[in-house]
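Visitor: Residue-level listing of the chains:
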Amino acid sequence: MSDLLPYLIGGLANGALYGLLALGFVLVYRATSVVNFAIGEFLLLGAYLTYTFALFLPLPLAMLAALPVAFLFGLLVERGFVRPLLGRNVVAVIMATIGLAAALDGGVQLAWGPDLKYLSGELPQLGFQLGEVFVPSRALWNLLLALPLGLFLLWLLRRSRYGILVRAISEKEVAALALGIPTARILAGVWGVSALLATLAGALLAVASGVGPNLVFLGLKVFPVAILGGLDSVGGALLAGFILGILEALSQRHLEPVLPGFTEALPFVVVLLVLLVRPYGLLGERQIERV
Amino acid sequence: MKRREFLRKLGVGALAALGMPYIAMAQARPVKLAALLPLTGPFAFAGNAGREGFVDGVDYVNEVQGGISGRRLELIVEDTGYDVAKGTAAFNRVVSRERPDELLFVYGDSTGLSKALAPEIARMGLPYSATSFSSELADPKTYPTIFVFGPTYNDMMEALLRQIRLQKGRARIALVYSNTEFGRDPIPYAKERAKALGMEVVHEEVTPPAFTDATPVVLNLRRANPDFVILQGYALSVEPLILRTAREQGLQAQFMGTYYSAELALIQRAGPAAEGFTVTYHNAYWYDTLVPAVDEMRKFRQRKGRDTSYRPTYYMGSLAVVLAIAEAMRRAAGAGKLTRAGLVEYLEKLGDYNGLGLQRSYQFVNHRLPYTKLYRASVKDGRFNAITDWLKLA
Numbered sequence: 001m002s003d004l005l006p007y008l009i010g011g012l013a014n015g016a017l018y019g020l021l022a023l024g025f026v027l028v029y030r031a032t033s034v035v036n037f038a039i040g041e042f043l044l045l046g047a048y049l050t051y052t053f054a055l056f057l058p059l060p061l062a063m064l065a066a067l068p069v070a071f072l073f074g075l076l077v078e079r080g081f082v083r084p085l086l087g088r089n090v091v092a093v094i095m096a097t098i099g100l101a102a103a104l105d106g107g108v109q110l111a112w113g114p115d116l117k118y119l120s121g122e123l124p125q126l127g128f129q130l131g132e133v134f135v136p137s138r139a140l141w142n143l144l145l146a147l148p149l150g151l152f153l154l155w156l157l158r159r160s161r162y163g164i165l166v167r168a169i170s171e172k173e174v175a176a177l178a179l180g181i182p183t184a185r186i187l188a189g190v191w192g193v194s195a196l197l198a199t200l201a202g203a204l205l206a207v208a209s210g211v212g213p214n215l216v217f218l219g220l221k222v223f224p225v226a227i228l229g230g231l232d233s234v235g236g237a238l239l240a241g242f243i244l245g246i247l248e249a250l251s252q253r254h255l256e257p258v259l260p261g262f263t264e265a266l267p268f269v270v271v272l273l274v275l276l277v278r279p280y281g282l283l284g285e286r287q288i289e290r291v
Numbered sequence: 001m002k003r004r005e006f007l008r009k010l011g012v013g014a015l016a017a018l019g020m021p022y023i024a025m026a027q028a029r030p031v032k033l034a035a036l037l038p039l040t041g042p043f044a045f046a047g048n049a050g051r052e053g054f055v056d057g058v059d060y061v062n063e064v065q066g067g068i069s070g071r072r073l074e075l076i077v078e079d080t081g082y083d084v085a086k087g088t089a090a091f092n093r094v095v096s097r098e099r100p101d102e103l104l105f106v107y108g109d110s111t112g113l114s115k116a117l118a119p120e121i122a123r124m125g126l127p128y129s130a131t132s133f134s135s136e137l138a139d140p141k142t143y144p145t146i147f148v149f150g151p152t153y154n155d156m157m158e159a160l161l162r163q164i165r166l167q168k169g170r171a172r173i174a175l176v177y178s179n180t181e182f183g184r185d186p187i188p189y190a191k192e193r194a195k196a197l198g199m200e201v202v203h204e205e206v207t208p209p210a211f212t213d214a215t216p217v218v219l220n221l222r223r224a225n226p227d228f229v230i231l232q233g234y235a236l237s238v239e240p241l242i243l244r245t246a247r248e249q250g251l252q253a254q255f256m257g258t259y260y261s262a263e264l265a266l267i268q269r270a271g272p273a274a275e276g277f278t279v280t281y282h283n284a285y286w287y288d289t290l291v292p293a294v295d296e297m298r299k300f301r302q303r304k305g306r307d308t309s310y311r312p313t314y315y316m317g318s319l320a321v322v323l324a325i326a327e328a329m330r331r332a333a334g335a336g337k338l339t340r341a342g343l344v345e346y347l348e349k350l351g352d353y354n355g356l357g358l359q360r361s362y363q364f365v366n367h368r369l370p371y372t373k374l375y376r377a378s379v380k381d382g383r384f385n386a387i388t389d390w391l392k393l394a
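Listed in order, the protein sequences are those of chains W and S.
The C-terminal residue of the first sequence carries number 291 in the numbering used here, and the numbering is unbroken.
The C-terminal residue of the second sequence carries number 394 in the numbering used here, and the numbering is unbroken.
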């Protein structure tokens with residue numbers, strides 16, 4: 001077990017990050033039925049924002065400062081790209097997010113240049129030795145930030161008034177409008193929260209591995225995680241993040257020696273297998289369409 | 001002749017004497033080289049630095065060396081986004097737009113792109129090189145116009161394995177490489193050669209080209225307990241992360257890498273964990289001011305009002321290519337053979353040239369330059385210091 005434990009710790013830490021990112025993705029999908037293909041770029045932008053604030057603030061404050069800016073950015077995206085296209089063909093909205101992704105990729109390079117960046121400060125070291133196993137600081141920070149935040153959002157959606165309104169809109173937007181729910185404002189808030197979550201994930205990644213265009217590739221991980229959890233399930237996203245994080249870690253330990261490179265494909269293989277038996281994902285809502 | 005008339009004629013004569021070469025150079029058809037570089041995408045940092053090297057090199061050739069025998073050297077730059085499809089489109093755009101007697105050289109951006117273009121390049125007889133040091137490209141029988149301006153990845157592995165043998169007789173080695181053509185290229189050679197040198201390859205780890213958590217990689221390495229770990233196929237995307245995690249997890253092995261890991265950013269990002277990281281590198285660093293090319297380019301950039309602070313290895317690599325290409329073009333022009341075929345012929349005869357010290361020499365062996373030095377990272381100095389002289393690898 002002590003041999004396996006460090007892999008599991010690493011898997012949980014990665015899973016927390018995947019869950020955080022997928023949470024933002026699923027929130028948007030659930031509330032607006034929009035598949036946000038720019039989620040990786042949200043993360044990228046968040047990492048660069050954190051880097052910028054870290055130039056003149058201690059790192060924890062820089063991370064905090066990046067969050068409201070990211071929230072505002074999410075509002076702007078909703079207002080500028082998504083709202084004008086609501087009610088149109090879903091393909092139009094998808095194309096808009098793909099276009100947004102390309103624009104953000106280019107914009108980030110224009111604004112910050114092509115050079116790789118590294119953060120000047122570090123988060124306080126929390127790493128400790130647990131018997132023969134070293135628990136890295138990075139893993140602890142991922143878990144400490146992602147897990148409570150994810151659970152808080154779950155609570156918010158289930159119990160708070162805001163959450164109930166979001167769920168009402170996601171059930172039937174027209175009915176919500178008829179009942180006087182400020183749909184536009186609430187949906188904008190959802191995009192803001194999504195950008196905020198991606199920024200936090202981006203900041204944690206930036207701390208671990210520096211800032212560069214490579215970070216955008218983590219955005220691809222969000223799709224298997226969200227599909228596995230159920231595209232409309234916030235709790236599912238969090239759960240699927242941890243499941244895939246741990247499975248990847250186990251694959252690294254046991255499968256890599258016999259199947260080199262398999263871990264890269266693993267999330268997609270798992271999703272395929274799970275969808276065969278649960279087409280709506282682990283916790284996704286089963287929808288029955290009558291025709 | 002009156003004094004005023006004499007002065008006027010003198011002025012006209014002097015102007016003609018001083019200005020004619022420039023007027024002639026401006027009027028003669030230019031000689032063109034195209035660079036297809038990743039100016040956007042994950043390797044934009046390398047592509048943009050490389051572009052700067054090309055721009056400086058071409059400006060230097062035109063302004064200081066008088067162009068190519070009176071003809072102006074012109075640079076065409078296209079973005080590939082480190083994407084084979086985009087790179088291929090850029091290549092097709094350039095070769096269909098430019099005249100074959102003007103476009104004499106193309107420089108591409110990756111092993112994947114170069115392999116994709118290789119048959120077409122061979123068909124066109126177009127001199128070509130790339131950021132790639134793939135062993136497969138250094139094959140003049142199959143690709144007679146492709147040159148590798150440095151040792152191949154196989155050669156780089158050879159240099160590292162020789163160093164390992166010097167440090168420890170029967171060493172245990174681990175190979176960590178990305179699941180890309182760049183990463184996989186020298187692995188079969190490294191395994192075979194390590195065995196021949198009496199070493200044991202105790203672990204192989206194949207990873208994505210970029211990842212954000214090195215813990216599983218390092219844990220696997222710790223279980224295998226190697227003396228040396230060779231990283232291949234990353235270009236700074238993960239080396240600092242692996243080094244930092246290895247230090248954190250108490251892994252004692254010595255880490256090594258090849259050309260694309262030999263950049264100062266690695267030391268800055270890995271911090272103390274970079275100490276002792278050993279790399280192959282075959283150009284000069286910007287801080288090697290005793291190398292004439294470095295001294296010359298520092299002064300040149302200063303004259304042009306360009307930033308003279310540290311220029312990365314990708315810059316130096318591009319510069320080394322331009323200087324050699326220009327020299328071969330000049331020699332070909334001198335022999336009345338300034339054509340694609342002529343350039344290939346004179347690149348093959350460039351053994352007495354060393355690009356103002358940027359290379360040991362441009363003595364191609366099977367269309368690659370099988371020489372490198374080994375450098376070791378010093379955190380205190382914040383730089384890589386040479387630990388060997390030039391190693392001959394073929």
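No lab work stands behind these hints, which were simulated from the structure alone.
Errors might be hidden in some of the hints.
As the list claims (entries may be wrong) - Capping the alpha-carbon separation at 25 angstroms, the derived lysine to any residue pairs in SDA-like fashion look like this: (1) LYS141(S) to ARG123(S); (2) LYS299(S) to ASP115(W); (3) LYS304(S) to ALA102(W); (4) LYS299(S) to ASP288(S); (5) LYS117(W) to SER96(S); (6) LYS349(S) to TYR375(S); (7) LYS86(S) to LEU283(W); (8) LYS117(W) to GLU275(S); (9) LYS172(W) to LEU61(W); (10) LYS392(S) to GLY334(S); (11) LYS349(S) to GLU136(S); (12) LYS373(S) to THR388(S); (13) LYS380(S) to LEU55(W); (14) LYS168(S) to GLN252(S); (15) LYS117(W) to GLU52(S); (16) LYS392(S) to VAL291(S); (17) LYS195(S) to ILE181(W); (18) LYS117(W) to TYR287(S); (19) LYS117(W) to TYR375(S); (20) LYS117(W) to LEU61(W); (21) LYS380(S) to ARG88(W); (22) LYS117(W) to ARG123(S); (23) LYS172(W) to TYR280(W); (24) LYS86(S) to ALA111(W); (25) LYS86(S) to ALA102(W); (26) LYS86(S) to ASP115(W); (27) LYS195(S) to ARG223(S); (28) LYS168(S) to PRO188(S); (29) LYS117(W) to LYS195(S); (30) LYS117(W) to ARG376(S); (31) LYS86(S) to GLY113(W); (32) LYS191(S) to GLU52(S); (33) LYS304(S) to ASP115(W); (34) LYS141(S) to PRO188(S); (35) LYS86(S) to LEU276(W); (36) LYS195(S) to ASN179(S); (37) LYS191(S) to HIS254(W); (38) LYS380(S) to ASP115(W); (39) LYS380(S) to TYR280(W).
Visitor: Looking back at the hints listed earlier, which ones does the structure fail to meet?
Guide: Hints 3, 5, 6, 7, 9, 10, 17, 21, 22, 29, 32, 35, 39 contradicted; others consistent.
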